[in-house]
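Following the hints, complete the assembly by docking chain B onto the known chain A.
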Amino acid sequence: MRLAEQIRMAFLSLFRRGQASTRLDDELRFHIDRQIEENISAGMSPEDARAAALRQFGNPALLRDQTRSTWTGAWLDSLVRDFRYVSRTLIHAPGFTLIAVFIIALGIGANVALFTLVHRVLLNPLPYPASDQLVSIYEHESGGSTHAYMPVAAGSFSEWQRASRGVADMAMVSPFQGYSVSAEGGKLPEKIEAAMCSWNFFSVLGVDPALGRSFGPADDSPNAEASVILSGPFWQRRYAGDPSVIGRKIWLDAKPYTVIGVLPESFVYSGAFGGNTVQVWTPIAHEFPPPVMTTFQDHEAIGIARLYPGTTLQALVSRLQGVQKQIKAGHPEPAVHDSVIGHSLLDDAVQDYKTPLYALLAATGCVLLIASMNVASLLVARIASRRKELAIRVALGGGWLRIMRERIFESLLLSIAGGATGLFLAYAALQWLVKTRHDMNRIEAIHIGGSELGFTILAVFVTALFAGLISAFSSKFKDVLGGLQDSSRGSSSRARAGLRRTLLVLEVSLTVVLLVGAGLLLKSYQRLRSTDVGVPVDNVLTLHVGLPGARYKTTVQRVAFFENVLSQVRALPGVQSAGLVSAAPGQGYGGDDLVTVVEHPPLPKGTGLDLQIRGADPGYFAAIHLPLIRGRVFTSDERLDRANVVVISQKAVEMCFPGEDPIGKHIKIGSDGRVGEVIGVVGDTRWNITEPPMPQMYWPVFGNDWANVAIIVRSPANVSAFAMPIQKIIGSLDPDLPVSGVGTLRESIAKSTIDSQFDSLLVLAFAVIALVLAAAGLYGVLTYLVTQRTSEIGIRIALGARREQLLRTILFDGIRPALLGLIVGLAGSAAAVRLIRSMLYQTEPLDPAVFASVAVLLLAVATLACILPAWRASRLDPIQALRTE
Amino acid sequence: MGKPSDLVQGTLDLLILKTLLLEPLHGWAIGKRIQQLSGEVLQVQQGSLYPALHRLEQQGWIKAKWAESETGRQAKFYALTAAGRSQLEKETANWNRLSTAINLVVGEA
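The listed protein sequences derive, respectively, from chains A and B.
Start counting the first sequence at 25; every next residue gets the next number (my numbering).
Start counting the second sequence at 16; every next residue gets the next number (my numbering).
So that you can see chain B by itself, here it is in the shape it has in the complex:
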């Protein structure tokens, strides 16, 4: 497994919200999906993942439901709320602005 890169907390929120855009997932699956989608570059530590998930839940961007998972065991599935959807758009826009600005400074095209 590759070496994990540091992820800023706000960015982790953005990744989680984007991952849940398609379908509800449980915590294990979210971590795997992020790893997959990023081409094995980003590996989320559960030490950051679960606190982030619970914080997002407390703030009302995602909501949770216990349901049967693909292995037959009960798991906690997280889904995006309507408010979470608009928050995702906002965060995406922010990220784009930020990354563009950094690129300008660093000098790559």
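So here's chain A without its partners, still in its complex pose:
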């Protein structure tokens, strides 16, 4: 009963406060009226009665407040009052509020975005059951080579699988394959990325198909019927999610494959060698030719394993290392590796992103720190001009704790507004990232969830507390008392600003570090873009075609097709020159082979000459403007069975024929024994703009079993306009042949610099944010100091000080912390840039030009930020200044 009453009262007090207030007023007024009546009946006159009653009643407002304070939720009253007051003061200073909210939004937004990335991409476990038991196994060269994690040879893998029985389930996958999907039912032929895997690959991961069944041991053999499993998105896109596709045949590389299953839409395999763009999966033992399935020298796959409970990665790797050592002992060819290495499947997906993401997280932490210091600085500058008001409030009994609470409330309101805006900014930034970098591993895992919201709230509170406490403690009692005393003419202002100046120095130095980082990365990116790939990159169009072996069984058929296409392309009006090559410069590795020179003595066991291999037509070298240094290129009749000639690059000459003339000598390919006579030497080209050029050899493409080529077309203007006509030509020769990779050479090279461009843009964004924040900080502090010293400046002007002199003095006062920060920052950068050495290309970390331009930029911005307050100070009317007491 009593509880019901209490609840009813609480409800009334909270939600019918206004009504309750009016009622209280009525009640008190009734009391006064009765007192007046009593007084009148005791013989007083009406006016005296009223006066006496009111005198006796005391302070009605105080009584009302005391009574109201007994109501439940009384603390709510003072909170609402504070809130209204603080928001009113903020709304009346729109410039300050907007700048403060913007600054906090930048700080919190950047942090939330990066926290989302780190949490969802790096820390979130993979979406497979017991994913911490999943590992990825690679081959390794114990003598140390350029890459630690190297693909696995299928023969080695079989040995490993046998040896790992009892400690792990192993499967292999080759995720960098591709097929041409045939045109059927009105769909166009398409080139898609594919993976070939062991039959137990999906069960090792713990993934079940959404439709149909997974592979079984019977599917994973050379004599089985060809089967394929589709990925969810591919099934949706090409077959409109039709469930009857199970059991149907689709044509990959002109061969029929039965669709036996469809994977869940959300399934993505992300590895260090790709896999997140795979559209179809086929059994590896069925797809790999038998020699590739048993070789120890041809590395075409990646190993994965699910460790049994109790087995560690190290244990498995040691066991496999033993096996691989035996393999190397039995097969000492240089292409056979002698060791094994592994890491967790999660690391396999995200290893490359760890350093940049953690570096960025550190950067955003700095930015948030700078942002809160800035807001604190601005808040304090604002308080400085209200010292008198605060002093009077305290003197009237306003409660000094109340004032502190107000300061914290103010920064809390600003932080909440900034946090909401920042969350929105982070969301927008992440959306942009997902759209532009969908090649990034685990990008599908990025979304803003509960923990990110929690982090935002935490960031808001930390910012509010940090900024609020700084500004609250700067309005201390001593301060306030001093404000009332007329004798305080800004004498101790210098000491009070000491803490803030130190903060400002720190802020500026952090900004300098970020600016230097951005400058170096930009320079690195620029160097990358302008790197010579070996040939001029303008006005060249490339298109890729791959002839399926099922339809073009003989070399003669393939060569006929190529020659046909090439002659038709050359006949197009406007085409300056055209050629065929197996892999164009800057467009990928393209394969390599170990060779020996026939005329030279045999090389010591275990060494070999590794040359990148290319197929080209006679007109290619002229079309791509690859300079011929010695000898000649192929003639038109060096084709098919007369194609045993080879053109090598300059670097190949240095490697294979040091100090002698290679023309007329012979090169023998190790893997298939082909011999070719060296007839010419051409310039080097880079296969990837970020890597140094490798020695290369060119064999005639009209012969020698080439099936995949790029058509190179050069034209003086608007070369992209030839894409459609050439695709039509190919379509007329073979309507079921997809054309892929259509684009200019310049575009494809730009693609390989995307990582560097992305990194530098990102750090540049942070550096700009930090610069804006530092400028705001400088402005805030100088404004505060000027306000403190208003009377002093007024006196100076009244006593005849020159305004320009004053401007210079104050300006220098403001720039001093910036200068100090610059020096500290440059020193800090010199130490810190060593960390990003790995991300720089042809740029020294201690580049003097970058350091110098950062210094100049910072000084310019600092001057700009300090000019306004200094100018305002120098324009003070002395009488006004002296009157602000």
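Watch out, some of these pointers could steer you wrong.
As the list claims (entries may be wrong) - Footprint (simulated), chain B over chain A, 3 or more residues, beta carbon under 8 Å: (1) 50-61; (2) 78-89.
Stated by the list, open to error - Think about it this way: if two alpha-carbon atoms lie no more than 20 Å apart in a straight line, the pair counts; the simulated DMTMM-like pairs of lysine to aspartate or glutamate are: (3) 47(B) x 57(A); (4) 78(B) x 50(A); (5) 775(A) x 376(A).
Unchecked claim - Quick look at which bits of chain B chain A covers, simulated, 3 or more residues with Cβ under 8 Å: (6) 39-46; (7) 55-66; (8) 69-77; (9) 83-92.
It is worth saying that the hints were derived from the structure and are not from the lab.
For each residue, glycine too, the CB sits at the ideal point set by N, CA and C.
Frame of chain A, contents of chain B only:
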């Protein structure tokens, strides 16, 4: 009017609850009744009376109703609840124990 004596807050609650035992009254009447019943010794200041009344109402010992007063104007009448009645007994017992103890110490019979 006599000089008011200090009243402890808890004691004021006890007096209010006792006053309302007989019949519902409004705030003015409660103050007058206490003055009357105590032989003009205890004079309750409205600065303590109204906060006490509202606190008792929030705690559910008394409940309020607006009704027409003896002068014809609307006034807020307070009445004792069942819970308030038992609280009154408890408070009375407490007060008796306390006053007996003080008397023992002070030494009067």
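We went through each hint and held it up to the structure:
1. 50-61: The restraint on the region 50-61 of chain A holds, since 9 of its residues have a Cβ under 8 Å from chain B and three suffice.
2. 78-89: Since three or more residues must qualify, the claim that chain B covers the region 78-89 of chain A holds, with 4 doing so at under 8 Å.
3. 47(B) x 57(A): Roughly 14 Å between the alpha carbons, so the hint for residue 47(B) and residue 57(A) holds.
4. 78(B) x 50(A): holds (17 Å)
5. 775(A) x 376(A): Holds: residue 775(A) and residue 376(A) sit about 18 Å apart, inside 20 Å.
6. 39-46: With 3 residues close enough to chain A, the hint holds.
7. 55-66: holds (count 5)
8. 69-77: Held - the region 69-77 of chain B has 7 residues with a Cβ nearer than 8 Å to chain A, which meets the minimum of three.
9. 83-92: holds (count 6)
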